[in-house]
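Read off the chains here:
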Amino acid sequence: MPPDSSPAAVAAPDIPAPIPPNQPGLLELFVAFAKMSLAGFGGVLVWARRGIVDQHRWMTAEEFNETFALCHFLPGPNIVNLSVVFGSRFRGIAGGFAAFAGLVGPPMVIATALAAVYARYGEIDALRRILAGVACAAVGLLLAVVFKMMMPLIKKRDAVGIVILIAVFIAIGLFRLPLPAVLLVGIPLSLAITYFMRRRVNG
Amino acid sequence: MNSDANPIWTLVWTFALMSLFAVGGANSAVPEMHRIAVDVHHWMTDRQFADIFAISQLSPGPNVLIVTLIGYSVAGVAGALTATVAMCGPTAILAYYVSRLLARSSHSPWPAIIQAALVPLSIGLMGASGLILALTSDRSWVAGLITVAAAVLAFATRLNPLWMLVAGGVLGFAGVI
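Residue numbers (this note's numbering), protein chains in the order written: chain A, 1 to 203; chain B, 204 to 380.
The hints are simulated quantities; they were obtained by calculation from the structure and are not laboratory data. This one's a predicted model, so the numbers in the text were calculated from it and none came from an experiment. Note that the Cβ used here is the ideal one computed from N, Cα and C, for glycine as well. One thing to keep in mind: the hints can contain errors.
[Claimed, not checked] Just the calculated beta-carbon pair ranges, DEER-fashion: (1) B:V379 with A:K156: 36 to 44 angstroms; (2) A:I93 with B:W313: 21 to 29 angstroms; (3) B:V345 with A:Q23: 25 to 33 angstroms; (4) A:A126 with B:N209: 30 to 38 angstroms; (5) B:H310 with A:K35: 17 to 25 angstroms; (6) B:R361 with A:R198: 46 to 54 angstroms; (7) B:V379 with A:Y121: 19 to 27 angstroms; (8) B:R303 with A:A61: 18 to 26 angstroms; (9) B:V243 with A:A94: 35 to 43 angstroms; (10) A:D125 with B:V351: 36 to 44 angstroms.
[Claimed, not checked] Coverage of chain B stretches by chain A, computed from C-beta distances (three or more under 8 angstroms per stretch; other residues unrestricted): (11) 210 to 216; (12) 273 to 282; (13) 347 to 360.
[What the hints assert, rightly or not] Think about it this way: if two alpha-carbon atoms lie no more than 25 angstroms apart in a straight line, the pair counts; the simulated SDA-like pairs of lysine to any residue are: (14) A:K156 with B:P314; (15) A:K35 with A:Q23; (16) A:K156 with B:V241; (17) A:K148 with B:A315.
If we strip away everything but chain B, and leave its shape as in the complex, we get (with noise of 0.2 angstroms):
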């Protein structure tokens, strides 16, 4: 922590205002986290932040749970309550207020018309999330033969994706990476 301000305020905001700009869910706004988490605060280094991601997609749940994590590093189990709740809150009470507005006027063309323009937005976030997660994953041939294998079995088969994080962690345990 490199600000004397109280750590758990610069998480509320930050993700508050996040989650207002995480267009398709919590893996588009990755590069930003990693902006803020290692770029702009040095809460964690680059392998730190690597990690993270890989203990988000071990555990069970929503994806938003990368931000319990980082919420938890930089500030213990506060953080992570804190970090949880801020990202989830704003577009909670949106989506509730949205719903119930759209309730009434179901046939109005926007909806359609916001979610064409809004999806390739999301998809080039997601892809910008894969990118920096993979430059700071693969650092070796090997690994990123890895990530190769296991994006081409998913994509392919509807094989359970655990079994491929699981065969990753042999993997790596094994010392081939």
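In isolation and in its complexed conformation, chain A is listed as follows (with noise of 0.2 angstroms):
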């Protein structure tokens, strides 16, 4: 392990005090991320939170927002940044490693194995039929994911943050735009617009 990634060399600088207690081996991270991402049905952030901050110590709840922040702000599986970013922060590019495995490895194992049932059973009448009720129950969860990621917007009456969320919303959900060519645009643009009204409101 390269000593130059201990925690204490990456937390420093901004928090003086609280060296995490608990430093995970690799092993502990592997099983750790295991646990939480089998116990996650429909997300594994709260399991994140409660392993990592609550149960294990490794991070303050600062830490732990800042990093998740971090990781939210990236492209890609939020949690699965996390991992690797949690990871690599205690034991190097090996604790990386070992975080996303445990994250990935056993839920994959179960996708497949659900996956190869449904592959050869899927045409059967009563799995169809469950199916299409968890479907309807799944599109309700999402939803209200989205609901709940909207009210802060609503209650700060952020009349430019909704405008580009509607914006994306139809040409996505109702145009069918490719993901790529939206993104080159909302992206700059969100950007643009973020940067000049904050400075208006700092200047």
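Hints in hand, dock the two standalone chains.
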């Protein structure tokens, strides 16, 4: 393990005091992330917070929020990014791999087994009906997440944000435009607007 | 599979590219997955896509597992593995380097600005995911009602979401949809 990737070296600059009391090893990282992942139906974040902050005390709540914010603004599966950033913070690149393998490996085996069952028996009527019902509920859960995420924008009366949100929704949901094209326009536009709005507020 | 090329390579570049555009996580990329898997490559039908989303929600683990399932239906176990690694790899490497970079200069205002700018985009994308999946799954008014009920319960209560999936499955099995 490279000595320069010790957590103290990374966490020290802004928070002087609390050096994390526990330092997970590679196997511990793998097992902890596998547990969080297998507990997490419909999202692992809640369990990740519970495991990392409350149970193992590997990070303070603030450190966790900062790390998650970083992983949220980067593209790609957030919680996967979090596992890599978290693991590498303690144990370098090997730690990142261990946490990632724990998070994705075991559920992937389960999902692949389910996919095999579906490929074989997917046309059986009873299974078809069950899946159709599950699909309806699953869409509802996704919509609930969308509304929960929208609430802060509505409360802040963030008109610009809501307009951008609706524009993206129409472009992707109604017109079915390709994602890269929409984002290549949307991201620079949203960044520019946010930047100038903040400057106007501050100045 | 409608192309002569090895589908594994199609999976690799499709999902590696997609991972870099998946602002706000795997669920934001569902419309793009739908577009590519159903409309562009004809890997599966509309209905199969809805089924795969349901299975991905039924299995524990991160939402990105929908990619594993798409990969499996295209090229078996090798496809499942390839698609998952392709979807996770590029951004994981990016996250690793960016986090090291930010650990050094943590007082820059840019992370906050970028985050504020991306939040509406990712909510819009997830909303579009919801719409596309609702159009494929909710084929009757009862089905629509189940979606609305699950959405309201998940929004207003702290009930474990697994119960809503189970309830949906039971109602489906009973044949009310």
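> Which of the numbered hints above does this structure break?
Replying inline: Numbers 3, 5, 6, 10, 11, 16 - these are the hints that the structure violates, sorted from lowest upward.
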